[in-house]
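> The sequence shown begins at 1 in the UniProt record's numbering and counts up by one.
Some hints here could point you the wrong way.
Beta-carbon label-pair distances, calculated as ranges [to be verified]: (1) SER385 to LYS780: 54 to 64 Å; (2) SER535 to ALA432: 53 to 63 Å; (3) ALA29 to ASP749: 50 to 60 Å; (4) GLU203 to ASN805: 42 to 52 Å; (5) GLN441 to SER532: 28 to 38 Å; (6) ASP774 to GLN378: 53 to 63 Å; (7) GLU767 to LYS890: 45 to 55 Å; (8) LYS890 to ASN116: 35 to 45 Å; (9) GLU203 to VAL96: 54 to 64 Å; (10) ASN559 to VAL96: 50 to 60 Å.
Keep in mind the hints are simulated off the structure, nothing from the lab. Built from N, CA and C at the ideal position, the CB exists for glycine as well.
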Amino acid sequence: MFERGFVVLKSIELFGFKSFADRTRIELAEGATAIVGPNGCGKSNIVDALKWVLGEQAYKSLRASSMEEVIFNGTEYRKPVNVAEVSLVFSNDEKVLPLDVAEIEVKRRMYRSGENEYFINGAQVRLKDVRELFFDTGIGKSSYSILEQGKIDQILSTKPEDRRYVFEEAAGITRYRAREKEAEHKLAKTRENMEHVESILSEVKKQYDSLKKQADKAEKYRQLSEGLFRLEVAQAVNKLRGLEKQSDRAQKKLDDARKNRDELKAKIDKLNESMEDSLDFMNSMEAELSSCQKSLYGLEVKRNSVLSQIRLLSEQLGEIEGKIETDKIRIKGLYDRMERIKRSIVEKQEEKERADEEISRIGRNVDSFKQSIALTEQKIESYQSEIKEREEEIEDLEKRLGALQGELTEITDVIVSKLDEGLKQVGFSVPARRRLKQELQNKLERFSIILRGKKERFEDAQRVGDFSGIGPELWSELDEVLAEIKELYRQYVETEPLFLEDFLSPEGFITKKRNVDEALKDVRGKIQDNRSRISYLRLEIEDCHEKNAERRATLEELNVSLARLDEVKKAVDETIAGFERDFEETRKTAAALEEEQKMTQNRKLAVEEGIFALEEEKLRIDKEEDELKKRIEAVEESIRERNKAISSGEQQLKASVELLSSYQQEVEKAQIELTRLRGEIEAIKSFFKEQHGRSLDEFKNIDIPDDLSSRIAAQKQEIRSLGNVNFMATEEFRQISERYEFLTSQIADLEKAERDLEGVVTQIRKESSELFVDAYEKIKKNFHIIFRRLFGGGRAEIKLVDPDNPLSSGISILAQPPGKKLEHIGLLSGGERSMTAVALLFAMYMVKPSPFCILDEIDAALDEGNVGRFVNMLREFSSKSQFIVITHNKKTVSGTDSIVGITMEESGVSKVISIRISQEEEREGTPV
Numbered sequence: 001m002f003e004r005g006f007v008v009l010k011s012i013e014l015f016g017f018k019s020f021a022d023r024t025r026i027e028l029a030e031g032a033t034a035i036v037g038p039n040g041c042g043k044s045n046i047v048d049a050l051k052w053v054l055g056e057q058a059y060k061s062l063r064a065s066s067m068e069e070v071i072f073n074g075t076e077y078r079k080p081v082n083v084a085e086v087s088l089v090f091s092n093d094e095k096v097l098p099l100d101v102a103e104i105e106v107k108r109r110m111y112r113s114g115e116n117e118y119f120i121n122g123a124q125v126r127l128k129d130v131r132e133l134f135f136d137t138g139i140g141k142s143s144y145s146i147l148e149q150g151k152i153d154q155i156l157s158t159k160p161e162d163r164r165y166v167f168e169e170a171a172g173i174t175r176y177r178a179r180e181k182e183a184e185h186k187l188a189k190t191r192e193n194m195e196h197v198e199s200i201l202s203e204v205k206k207q208y209d210s211l212k213k214q215a216d217k218a219e220k221y222r223q224l225s226e227g228l229f230r231l232e233v234a235q236a237v238n239k240l241r242g243l244e245k246q247s248d249r250a251q252k253k254l255d256d257a258r259k260n261r262d263e264l265k266a267k268i269d270k271l272n273e274s275m276e277d278s279l280d281f282m283n284s285m286e287a288e289l290s291s292c293q294k295s296l297y298g299l300e301v302k303r304n305s306v307l308s309q310i311r312l313l314s315e316q317l318g319e320i321e322g323k324i325e326t327d328k329i330r331i332k333g334l335y336d337r338m339e340r341i342k343r344s345i346v347e348k349q350e351e352k353e354r355a356d357e358e359i360s361r362i363g364r365n366v367d368s369f370k371q372s373i374a375l376t377e378q379k380i381e382s383y384q385s386e387i388k389e390r391e392e393e394i395e396d397l398e399k400r401l402g403a404l405q406g407e408l409t410e411i412t413d414v415i416v417s418k419l420d421e422g423l424k425q426v427g428f429s430v431p432a433r434r435r436l437k438q439e440l441q442n443k444l445e446r447f448s449i450i451l452r453g454k455k456e457r458f459e460d461a462q463r464v465g466d467f468s469g470i471g472p473e474l475w476s477e478l479d480e481v482l483a484e485i486k487e488l489y490r491q492y493v494e495t496e497p498l499f500l501e502d503f504l505s506p507e508g509f510i511t512k513k514r515n516v517d518e519a520l521k522d523v524r525g526k527i528q529d530n531r532s533r534i535s536y537l538r539l540e541i542e543d544c545h546e547k548n549a550e551r552r553a554t555l556e557e558l559n560v561s562l563a564r565l566d567e568v569k570k571a572v573d574e575t576i577a578g579f580e581r582d583f584e585e586t587r588k589t590a591a592a593l594e595e596e597q598k599m600t601q602n603r604k605l606a607v608e609e610g611i612f613a614l615e616e617e618k619l620r621i622d623k624e625e626d627e628l629k630k631r632i633e634a635v636e637e638s639i640r641e642r643n644k645a646i647s648s649g650e651q652q653l654k655a656s657v658e659l660l661s662s663y664q665q666e667v668e669k670a671q672i673e674l675t676r677l678r679g680e681i682e683a684i685k686s687f688f689k690e691q692h693g694r695s696l697d698e699f700k701n702i703d704i705p706d707d708l709s710s711r712i713a714a715q716k717q718e719i720r721s722l723g724n725v726n727f728m729a730t731e732e733f734r735q736i737s738e739r740y741e742f743l744t745s746q747i748a749d750l751e752k753a754e755r756d757l758e759g760v761v762t763q764i765r766k767e768s769s770e771l772f773v774d775a776y777e778k779i780k781k782n783f784h785i786i787f788r789r790l791f792g793g794g795r796a797e798i799k800l801v802d803p804d805n806p807l808s809s810g811i812s813i814l815a816q817p818p819g820k821k822l823e824h825i826g827l828l829s830g831g832e833r834s835m836t837a838v839a840l841l842f843a844m845y846m847v848k849p850s851p852f853c854i855l856d857e858i859d860a861a862l863d864e865g866n867v868g869r870f871v872n873m874l875r876e877f878s879s880k881s882q883f884i885v886i887t888h889n890k891k892t893v894s895g896t897d898s899i900v901g902i903t904m905e906e907s908g909v910s911k912v913i914s915i916r917i918s919q920e921e922e923r924e925g926t927p928v
């Protein structure tokens, strides 16, 4: 039914993209490949990588808050990287992609600076080139080659206009759309150029018009002067031609009159001879006509007798044939009825089997729903019990909180009281303490300076060996300063609030306050945690109640369906028994009719033989009768012709004698007119030769305009009205005319380009419309078929919102799962929406399969039965396209041809692991 497109996604290589920190290569096989792994391991990052390398520019579509977030940002044990890179390798053996190579690598690279690079087979290209490579293949960041569980609305959008893109991709008009946009851009550019050239042309036109008027005036003066002479010559020639024509007509009139006169004399003689011959012929023809009419009457009597016998036998034959045909129709109707009864019996038996299967399936669903309701009730009881325990705990904690707050107030009051009392006792003053500290520092600096001076004196005495100046007086100053330092230090120590040590000790008031603060914080945190947990549990209970309500409603519907199916089975059994009785009665009736028809056929043969013999006799009579009629018609026609000839001859003879006299008068009149005209012609030629010194015969072939006299007068007046003439204007106009013509030709070229581009846009739209409508009709038909297969019945359809404008019309989708009414897809459940999206996807694949398709957890919302149908469809379509399925469902995994596993052995870093597919084969996908 399908043919593979022979483009296979062979591998995906990632480096620094999201959680794929290391260079990782994922090898993919033909058919269906499952990508499995726990939640959060990075499976969906593979989908994001595919969309990204195919040109996705919206970071939200990649589940990021900015495009830089696609670059690996590091973990606790890994540093960030500065570049993200993803490569896709495709096989292209059949040259489906428009490059003459067997393998194509498409790569995208992005740096933290925001710079992006795109490559095809190692050569840097534009994003446009990457998109054009996959035009009309079904491959693209937003096409139907990528279908995500969280983005089913890409196809099943509530806006009919939003789903046009995938239909256009399936129709193969994406390239046409790009060409249309490019042609419209060129058209806009051409119109801009036209405006620019027209602006220049308007300025040149002013000069052109001015010089043209002057040049036209000079040229007109020259033409008028030459034209005046030609008009005067033409006036003489025109008069000469007129007289010559009159002379020719007079000569012809004379010749015709003579000829008519002579011919008429000969005609009168012949008419007399012809009339005598016609009278003799008429007498012989009338005798022959009478004989033929008598023979014809005898044949007519015999023919009527034969016709009467044929008519009687034909009526009998008609009745027999009518009966035969009626019997045939009845027999065929009976056999058709027997076939319909057989089919109806088979259909009813199949209906019965389906009813049994449906009863079994519904029974399993009833058990499942009852079990789910019981489990949910247990969960509700567990949640309510926990809520009660936590509310009691909150009550205890609030009591503890009140006690701690009271304790905190008491400790705070004690701290304030003790602090005031201690400060008063030590006479603590911050300014006095600062002053003493500064004086103490000053004395210490002075003591240091004096001590350093005494040290230098002692060292000098030691070097020279003279200690005579070194005595007790040397140290007396030091003793004095040291005594002052001691006194200042004593005063400074007395200002220190030593009582604060009691506050800060492990058993002090500050420590007690801190302990109470920590206890308050802990209690408040526990209260908040309990309240949050209670809110969560209440939401869960509400959700459980809603789910159970839905399940009970569904359970009730299922029980009703079971009762209905039992009734259906009983009705089917009764219908089958009725069909079988009807079949036997019909068979007997058909056998009786067939026997009767054999006897009727024998009667028909006997009547046909009698009719055949009579028709032979009739043909012989008809032939003889036709021959007589033809002879009679010929004789009558001859008689009529001769009568006409005789009557016409008499009239012609009379008219000819009268006409002969008028012809003689015309001959005499024409001779007189010819003589007069020849005299006038000679007079005009003589006058022209005298005036111009040239023979008028030199100009006799010139063209003669109309109204010569008025034109000559007007010509002379026009020359006088010109006034002054600029004879240099002709050359100046020639120069400006060349520029004007160039610009005009540019405008013409641009207008032609505009028309050509408009034609291109029109043609593209026409071809796009035809392709789109053709694909739409196929998808519409396929969608209904696939939907019924996936849902086990029901119906679905797609409609153009505006059928008159298919290239801009939105597309609405209606679906009717079995047992429901036809409704908009927005009203379907999550599982039904997923199955509807899958049905539409595969309907498109029947028209234009994409070389590969990514399905990201679209089976998450499907129940076990629907997953089975989805897997069967996946197996069927994997013979024509490559499928990469991200899933957690074991049944889906079992339906694929190969498996790729994703894990996070290291936190935040995705890794491809080897997964055993069978006992003989093991697939390796460890990072490179």
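> A separate judgement is required for each hint: does it hold in the structure or not?
Do the hints match the structure? See the list:
1. SER385 to LYS780: 54 to 64 Å: holds (56 Å)
2. SER535 to ALA432: 53 to 63 Å: holds (59 Å)
3. ALA29 to ASP749: 50 to 60 Å: holds (57 Å)
4. GLU203 to ASN805: 42 to 52 Å: About 43 Å separates the Cβ atoms of GLU203 and ASN805, which means 42 to 52 Å holds.
5. GLN441 to SER532: 28 to 38 Å: At roughly 58 Å between Cβ atoms, SER532 and GLN441 fall outside 28 to 38 Å, so the hint is violated.
6. ASP774 to GLN378: 53 to 63 Å: holds (57 Å)
7. GLU767 to LYS890: 45 to 55 Å: holds (47 Å)
8. LYS890 to ASN116: 35 to 45 Å: holds (40 Å)
9. GLU203 to VAL96: 54 to 64 Å: holds (56 Å)
10. ASN559 to VAL96: 50 to 60 Å: holds (54 Å)
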